[in-house]
Amino acid sequence: MRNHDFIDGLVNDLSTPSESRNWFSLFFFSWLGCASILAMFTYLAMSFMPQDIHLPRETGFSFWFHSALWFGLSISAALTAYSHSLIGKNLPIYRWWSRVFAAAVVVSALLDLTWSDVGADLSREFDFYQGPCGGFIFTTGFLSANWMWVVIKRATPLNSRRTGMWAAASVGAIGSGFMHMVCTHEGHAHELVWHVVPLILLTLLGAILGKKWIRW
Amino acid sequence: MKELEQRLKKRFLDARNGDAIAYREFLDEVFRLMRGYLFQSMSPKLRSMERVEDLAQEVLLSIHRKRDLYDDSKPLLPWIYAVARHRLIDSIRAESRQPECVEWVEKFDALAVTEIPQLLGEDDGREFLKGLTDQQQQILRLSKIEEHSLQEIADQFHMSISAVKVTIHRSLKQIRKKWS
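Protein sequence lines, in the order shown, are assigned to chains A and B. Start counting at 1 in the first sequence, then tack on 80, and there's your number in the numbering used here. Start counting at 1 in the second sequence, then tack on 1, and there's your number in the numbering used here.
In isolation and in its complexed conformation, chain A is listed as follows:
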């Protein structure tokens, strides 16, 4: 198309709202929507479990500490994804906090293991019946991440890989956090294998797919 006609077309389109209008609200409410849906799905999934569930589960310092880590990771990863989505908004502080929370989640899961009996603990976890929460976290996280990537495409992410990765980590961590609160399996090995590892896999998938799918 000749350049003059092309520019005419853009000028005529000026009055049409751009796709990037109110993007912050779109991002924020999308993330909140994913969180709400994940909470609802977690509750429904638990309602259909055959075990007798006593909610709230026993809580102590460890329970609240780990819950804070999960939700802290989710919020900081969401802020990191947001800052990566906009040119000139790349704030290192968000990235720093996300890395701190991510490291804390992994390290605390490893430290909580009973190292004297770690082989037996881990081998017990590699059992289909121990794993529904991991599948749930991965599946719901993947579906939510897809939605977040669609939203991020309306922005201007210069590094699609990192943006996709943090978006996936953010929604995955919400699922892991809710699952942590209601999961009836108490072992620390279970937490590592079926809550932390699915999140790591989801994050890696976010990096790979983000590079391909987040194109603007």
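No lab work stands behind these hints, which were simulated from the structure alone. A few of these clues could be false.
[Stated by the list, open to error] Straight line, CA to CA, 25 Å or less: simulated DSS-like cross-link-like pairs of lysine-lysine:
(1) A:Lys169 x B:Lys75
(2) A:Lys291 x A:Lys169
(3) A:Lys233 x B:Lys75
(4) B:Lys75 x B:Lys11
(5) A:Lys233 x A:Lys169
(6) B:Lys131 x B:Lys174
(7) A:Lys169 x A:Lys292
(8) B:Lys46 x B:Lys174
(9) B:Lys3 x A:Lys169
(10) B:Lys75 x B:Lys10
(11) B:Lys11 x A:Lys169
(12) B:Lys3 x B:Lys75
(13) A:Lys292 x A:Lys233
(14) A:Lys291 x A:Lys233
(15) B:Lys10 x A:Lys169
[Said to hold, decoys possible] Label pairs and their in silico Cβ distance ranges:
(16) A:Ala183 x B:Ser97: 32 to 38 Å
(17) B:Lys46 x A:Ser105: 43 to 49 Å
(18) B:His159 x A:Phe108: 50 to 56 Å
(19) A:Asp192 x B:Leu78: 47 to 53 Å
(20) B:Lys46 x A:Tyr123: 57 to 63 Å
(21) A:Asp88 x B:Ser97: 32 to 38 Å
(22) B:Ser44 x A:Phe128: 57 to 63 Å
(23) A:Phe109 x B:Glu96: 34 to 40 Å
Glycine residues also receive a C-beta, built at the ideal position from the N, C-alpha and C atoms.
Please build the complex by placing chain B on the supplied structure of chain A, with the hints as guidance.
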């Protein structure tokens, strides 16, 4: 540079408030800037005026679609150049994934070799060339009527052989589309 930044920013902000004249001036000036920038940034093997102008149009389109994401408190030129760099990298990646139809040129060449010289040589051959740029017309004449080799044409226009092939292919495609 400071004057340019201030001028462009004022026009852009006026455009965001609905001033169509300011937007046109902004787009015209950014298009000229981008043409120069992209021409310098592209590899000589991939560079051609058409490709540069296509890419410059894509940059303008991206700026148009994402205009509400620009933060007023920050400089405008770095934002524009960041968009341009992203589009350029995307274009290079797309080219490496799917090189533009070089084999197709051979196929179309075989079909066109009997038809096009006659059309281009006739008085009303000019009709067929309407809509093509001067460079496209010249390249088509050199290759189809005067039967210059691709290397000779590439040397004359300071282009790569691939760029010459792509230019011929696009010109023929345009002619076919117009007359089909």
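Evaluated hints:
This hinted pair checks out: A:Lys169 and B:Lys75 have alpha carbons roughly 10 Å apart, not beyond 25 Å. Straight-line distance between C-alpha atoms of A:Lys291 and A:Lys169 comes to about 19 Å, which keeps the hinted pair within the 25 Å bound. Simply put, A:Lys233 and B:Lys75 have alpha-carbon atoms about 22 Å apart, close enough for the 25 Å limit, and the pair holds. For the suggested pair B:Lys75 and B:Lys11, the alpha carbons sit about 13 Å apart, so the restraint of at most 25 Å is met.
Under the criterion of a C-alpha separation no larger than 25 Å, the hint pairing A:Lys233 with A:Lys169 is consistent with the structure, at around 16 Å. Between B:Lys131 and B:Lys174 the alpha-carbon distance is near 13 Å, which keeps this suggested pair within the 25 Å criterion. Among the hinted pairs, A:Lys169 with A:Lys292 is consistent with the structure: their alpha-carbon atoms are about 22 Å apart, no more than 25 Å. Using a Cα cut-off of 25 Å, the hinted pair B:Lys46 and B:Lys174 holds, with the two alpha carbons roughly 22 Å apart.
This hinted pair checks out: B:Lys3 and A:Lys169 have alpha carbons roughly 22 Å apart, not beyond 25 Å. Between B:Lys75 and B:Lys10 the CA atoms are separated by roughly 10 Å; this keeps the pair inside 25 Å, and the hint holds. For the hint linking B:Lys11 to A:Lys169, the alpha-carbon distance of about 21 Å falls within 25 Å, and the restraint holds. Taking the CA atoms of B:Lys3 and B:Lys75, the gap is about 13 Å. The hint holds against a cut of 25 Å.
At most 25 Å may separate the alpha-carbon atoms for a hinted pair to count; A:Lys292 and A:Lys233 meet this at roughly 11 Å. Distance check on the hinted pair: A:Lys291 and A:Lys233 sit about 11 Å apart at the alpha-carbon level, within 25 Å; holds. Of the supplied pair hints, the one linking B:Lys10 and A:Lys169 holds, its CA atoms being roughly 18 Å apart against a limit of 25 Å. The hinted range of 32 to 38 Å is satisfied by A:Ala183 and B:Ser97, whose Cβ atoms lie roughly 36 Å apart.
The hinted range of 43 to 49 Å is satisfied by B:Lys46 and A:Ser105, whose Cβ atoms lie roughly 45 Å apart. For B:His159 paired with A:Phe108, a C-beta distance near 51 Å keeps the hint of 50 to 56 Å intact. Range check, A:Asp192 to B:Leu78: Cβ separation about 52 Å, and the 47 to 53 Å hint holds. Our hint of 57 to 63 Å for B:Lys46 and A:Tyr123 holds, since their Cβ atoms are close to 59 Å apart.
Between A:Asp88 and B:Ser97 the CB atoms are about 33 Å apart, so this pair conforms to the stated range of 32 to 38 Å. Separated by about 58 Å at the C-beta atoms, B:Ser44 and A:Phe128 satisfy the suggested range of 57 to 63 Å. For the pair A:Phe109 and B:Glu96, the beta carbons lie near 38 Å from each other, so the given range of 34 to 40 Å is met.
The earlier numbered hints are all upheld by this structure, with none contradicted.
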